[in-house]
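Number of protein chains: 2
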Amino acid sequence: MEIILNRELLSDALQNINSVVDKSSTKPILSNFVMRTLEGEKSKVEFSSTDYELSLVEKIDAEVKETGSICVNAKKVFDIVKELRDDKVYIRSTEQLWIHITCGSSELRLPSVEVGLYPQTVLEELPESLKISVEDFKSCIDMTLFAAMTNESRRNLMGVCLSLTSDQKTRWISTDGHRLAQVVMPVKEQVFSEGKEVIIPRKALTEVRRTADIFGKIVNISFDSRVMQFSGGDITYKTRLIEGKFPNCDPIIPKDNNLEISVNRESFVNSLRIVSSISMEKLRPVKIIFSHGLLRLESEKADYGEVVDEIEAGYEGENFQIGFNSRYLLDVLGVIESDEILLNCKNSMSPTIIKSPRDESFISVIMPLRVEW
Amino acid sequence: MEIILNRELLSDALQNINSVVDKSSTKPILSNFVMRTLEGEKSKVEFSSTDYELSLVEKIDAEVKETGSICVNAKKVFDIVKELRDDKVYIRSTEQLWIHITCGSSELRLPSVEVGLYPQTVLEELPESLKISVEDFKSCIDMTLFAAMTNESRRNLMGVCLSLTSDQKTRWISTDGHRLAQVVMPVKEQVFSEGKEVIIPRKALTEVRRTADIFGKIVNISFDSRVMQFSGGDITYKTRLIEGKFPNCDPIIPKDNNLEISVNRESFVNSLRIVSSISMEKLRPVKIIFSHGLLRLESEKADYGEVVDEIEAGYEGENFQIGFNSRYLLDVLGVIESDEILLNCKNSMSPTIIKSPRDESFISVIMPLRVEW
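Going down the list, the protein sequences come from chains A and B.
Mapping to the numbering used here: the first sequence position 266 is 266, numbers consecutive.
Mapping to the numbering used here: the second sequence position 8 is 1008, numbers consecutive.
Just so you know, these hints were derived from the structure itself, not from any lab.
Built from N, CA and C at the ideal position, the CB exists for glycine as well.
Just to be clear, a hint being listed does not mean it is correct.
[Stated by the list, open to error] Quick list of the computed label-pair ranges, beta carbon to beta carbon:
#: 1; chain 1: B; residue 1: GLU1243; chain 2: A; residue 2: TRP98; range: 37 to 47 Å
#: 2; chain 1: A; residue 1: GLU194; chain 2: B; residue 2: ASP1086; range: 52 to 62 Å
#: 3; chain 1: B; residue 1: ASP1087; chain 2: A; residue 2: ASP224; range: 58 to 68 Å
#: 4; chain 1: A; residue 1: TRP98; chain 2: B; residue 2: GLU1135; range: 44 to 54 Å
#: 5; chain 1: B; residue 1: ASP1086; chain 2: A; residue 2: GLY317; range: 27 to 37 Å
[As the list claims (entries may be wrong)] Result set (DSS-like, lysine-lysine): computed pairs, CA atoms no more than 27 Å apart in a straight line:
#: 6; chain 1: B; residue 1: LYS1282; chain 2: A; residue 2: LYS23
#: 7; chain 1: A; residue 1: LYS23; chain 2: B; residue 2: LYS1301
#: 8; chain 1: B; residue 1: LYS1355; chain 2: A; residue 2: LYS27
#: 9; chain 1: B; residue 1: LYS1082; chain 2: A; residue 2: LYS301
#: 10; chain 1: A; residue 1: LYS282; chain 2: B; residue 2: LYS1075
#: 11; chain 1: B; residue 1: LYS1255; chain 2: A; residue 2: LYS76
#: 12; chain 1: B; residue 1: LYS1075; chain 2: A; residue 2: LYS301
#: 13; chain 1: B; residue 1: LYS1282; chain 2: B; residue 2: LYS1217
#: 14; chain 1: B; residue 1: LYS1138; chain 2: B; residue 2: LYS1203
#: 15; chain 1: B; residue 1: LYS1027; chain 2: B; residue 2: LYS1088
#: 16; chain 1: A; residue 1: LYS301; chain 2: B; residue 2: LYS1023
#: 17; chain 1: A; residue 1: LYS282; chain 2: B; residue 2: LYS1082
#: 18; chain 1: B; residue 1: LYS1076; chain 2: A; residue 2: LYS301
#: 19; chain 1: A; residue 1: LYS282; chain 2: B; residue 2: LYS1027
#: 20; chain 1: A; residue 1: LYS82; chain 2: B; residue 2: LYS1301
With the rest of the complex left out, here is chain A (with noise of 0.2 Å):
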């Protein structure tokens, strides 16, 4: 194989061809990546990379003078190339599998692997699709992803749900067990079963969302029940779907919460930080007093010491207190965009709503905490 490539566009794509390699030693040979020409293309070139879960391949422009293909260490060609100062960068692979990397004054002679080692991503033509743009992909995976489970213990849980609403919008769901975080939004074409779900891993979301701006304005999501493949501009990851049921999150959505408090999102954030400055646990409990336009935050009374703070908020009803995981408050509030933001409560055992006044696609709900203090 012998191409020249740009060294910016090679230095981004090798960025993201390293997000998706593996990082743990277990399995050496997913340290690499393969570059290879493409049959009757003489000025693009193809690099892919894998972790068995999630691989991305991802097309770049070159100028072809030999194809084939070579396997080499993503992260040591990435740290070179990002030192390298000139602007083309000839590869060129020998038959005894070293690969000459060429730029300016600078020449490197890196060892490679076998191709035919290294998992290969095939893409695939799946049955389900959508079309949705960039922007509105980002809001649903920022909006869902804080709320998804982060340990191994329910695999389930461990990404974002989508499936259609019965007016045929998609519906993003996740949880955690303690939180849930839902997203309906509307999208430009779509060929999904009724009835279907899948869920989507968080690393996929991660790294997609992460890279989202390279797909251009609209991103192509198809998959079927094992696989998701999203593109867009010469890009596509593919994941594997979690397999396993999502959980009915319906019947936990609460129908009934009376009670309305409108507050600025800003101040509450803020006062949900002091609050929880002080506290030695990981997710910083905090009790919240409503009273007629008032919110009081409390922590703990413990021996390390204890933080009160007040804010304005729009409310009428009756005093009534509600213990919550400061984290999972203020996780909510970082993705809700709006000035002011609205909590639906009930009472103080029930789970609460807390959403924009101004955007009814999103919805988060948050099972409150028993405070004795």
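Chain B: place on chain A using the hints.
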């Protein structure tokens, strides 16, 4: 005690205080700091912290309502004060060792410790002294600290040695046995016994350097054989000095290196980074081959690959080659500010001088590495 402080001043002061506070949990008392009112002073309070080696005493503007002193956890107070938003912070202590902090609508209650249990920092009148501009002082630290030893095997090398040259300039010198850095700097005023030398520990110089701008324009250094104080404005650092004798470095600085190579600093840095990027070793050995007008850098020839690079250089002597740890070269190239740098070599076994062509006050010496490739 009852005082009112400006939040921003308090936050800045706490940041400095916190970086002196001992982070290890072996001596819990050292996680605290002391805040005290001063006799006959109603508009300043004094903060102090120490890790036994390094202490900080800082005065900040305050409105003193009631005199007294408190000793409280530094990190906890800092974490909370960072989040506060109102301008004025009220701090009040009770007889039960509870501290009350109020800011806007936020109220905190924190436990404190008997002030008497905390090691007190006493500022002293010391016999020797220097006055140096803050800019010069920062240079002296930057140009030497990188070459000081980082591990404990030779404690006397874990700092910068300060002494006086025969023409009454200060001499700052550091070495880790593999390299050496020396700055000679005239100072504004000095009371410095001839022949005296002191070794200032790394931690003190790192901290003082980081916060040097708050000294104002001039820093006053005073010392004896045990301790050194750095003061300016309302802030004083006091550090123990390293006991022991600093080696005589004069014999190490070569006098008869007759090969002179000038090279563009940025190109050299870039080239070193390219060539060293492939190495698996921490110090990243590199071979440099000098020939007429050219400098060729080569990495080790290893199973994991190899890199070579070439850059232009001003050199007219015979071809010769020499090995270095590229980490050491990059460290010194990182502190020299001129566009061109000079290398003065003798042969591939002798120490090499690296310096700026226009600044005679700084000199760095690096021991070569035997390269067998």
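Now the hints, each set against the structure:
1. B:GLU1243 - A:TRP98: 37 to 47 Å: 55 Å Cβ-Cβ, so the 37 to 47 Å window is violated.
2. A:GLU194 - B:ASP1086: 52 to 62 Å: Holds - the Cβ-Cβ distance for GLU194 of chain A and ASP1086 of chain B, about 55 Å, lies within 52 to 62 Å.
3. B:ASP1087 - A:ASP224: 58 to 68 Å: About 60 Å separates the Cβ atoms of ASP1087 of chain B and ASP224 of chain A, which means 58 to 68 Å holds.
4. A:TRP98 - B:GLU1135: 44 to 54 Å: Since the Cβ atoms of TRP98 of chain A and GLU1135 of chain B sit about 51 Å apart, the hinted range of 44 to 54 Å holds.
5. B:ASP1086 - A:GLY317: 27 to 37 Å: At roughly 29 Å between Cβ atoms, GLY317 of chain A and ASP1086 of chain B fall inside 27 to 37 Å, so the hint holds.
6. B:LYS1282 - A:LYS23: At roughly 20 Å apart (the allowed maximum being 27 Å), LYS23 of chain A and LYS1282 of chain B satisfy the hint.
7. A:LYS23 - B:LYS1301: holds (25 Å)
8. B:LYS1355 - A:LYS27: Violated: LYS1355 of chain B and LYS27 of chain A sit about 46 Å apart, past 27 Å.
9. B:LYS1082 - A:LYS301: Cα-Cα ~21 Å, so holds.
10. A:LYS282 - B:LYS1075: holds (16 Å)
11. B:LYS1255 - A:LYS76: violated (41 Å)
12. B:LYS1075 - A:LYS301: With Cα atoms ~19 Å apart, LYS1075 of chain B and LYS301 of chain A stay inside 27 Å; holds.
13. B:LYS1282 - B:LYS1217: violated (39 Å)
14. B:LYS1138 - B:LYS1203: Measuring from Cα to Cα gives roughly 15 Å; hence the hint holds.
15. B:LYS1027 - B:LYS1088: violated (33 Å)
16. A:LYS301 - B:LYS1023: Satisfied, since the Cα-Cα distance of roughly 25 Å is no more than 27 Å.
17. A:LYS282 - B:LYS1082: holds (19 Å)
18. B:LYS1076 - A:LYS301: Roughly 15 Å separates the two Cα atoms, so the pair holds.
19. A:LYS282 - B:LYS1027: holds (24 Å)
20. A:LYS82 - B:LYS1301: Holds, because 21 Å separates the two Cα atoms, which is no more than 27 Å.
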